[in-house]
Amino acid sequence: KNEVEQSPQNLTAQEGEFITINCSYSVGISALHWLQQHPGGGIVSLFMLSSGKKKHGRLIATINIQEKHSSLHITASHPRDSAVYICAVNPSGYDKLIFGTGTRLQVFP
Amino acid sequence: NAGVTQTPKFQVLKTGQSMTLQCAQDMNHNSMYWYRQDPGMGLRLIYYSASEGTTDKGEVPNGYNVSRLNKREFSLRLESAAPSQTSVYFCASSRDSSYNSPLHFGNGTRLTVT
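Quick note, the sequences are listed as chains A and B, same order.
Going by the working numbering, the first sequence opens with residue 1, and the numbers climb by one from there.
Going by the working numbering, the second sequence opens with residue 1, and the numbers climb by one from there.
Quick caveat, the hints were computed from the structure, so don't treat them as lab data.
Note that the structure is predicted; figures quoted are calculated from it, not measured.
Beta carbons are placed, not taken as given, at the ideal position from N, Cα and C, and that holds for glycine.
Fair warning: there could be bad hints in the mix.
[Stated by the list, open to error] In silico DSSO-like pairs for lysine-lysine, Cα to Cα no more than 27 Å straight-line: (1) A:68 with A:96; (2) B:14 with A:96; (3) A:96 with B:71.
[What the hints assert, rightly or not] Not the full set, but computed from the structure, chain B residues with beta-carbon under 10 Å of chain A: (4) 3; (5) 106; (6) 108.
[As the list claims (entries may be wrong)] Okay, the calculated bits of chain B under chain A, using three or more residues with CB under 8 Å as the criterion: (7) 40–51; (8) 80–88.
I would like the entire structure built from these sequences, with the hints used as guidance.
Encoded structure:
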């Protein structure tokens, strides 16, 4: 079992839909990162969080430390949101990141 | 702002050839990293440099060497390329090596070894 698991692996949506991507992990963590990777492009850091909730524009990230689970929500999705979304965790006491394999999102007009 | 700049974007090598991937950041970050990304797997750390003058192995260091030339630049060298090194390589930087600050990534280098 991977230490970081994301679901779903693939997701398609119509423009305007509310999107949820999930990340579950099996270790105690200091921080969790959400990253975005556009096709053929680089990787951009969206959020880093260790508790609660963060919001940036149409993106919302939440984390439940007790349940070892985080969600990334996209409100009013748009085709430009099409990308791979990657979750990564920093295990407590370790200077490293463990990455999930990503969720591929396609938003159609 | 350039952020993290990686070169080249694409490279094709024959088995046994050598090459160096270059990376530079202009954010005055202390820590720099080299990752590889393979289909169906999460990003894996090859080497990192927690601060200028230091380098350390990551999860998959075999077949690679690195140089932290100065605070800005961190290069990755393949001395004798193998087909197993076909991958997409990403350089990244952060304020420090605690992973409690955001990572900034370059645009990647797609390497094919035939």
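### Message
Please list, smallest to largest, the hint numbers that this structure does not respect.
### Response
Per hint list: 2, 8 violated.
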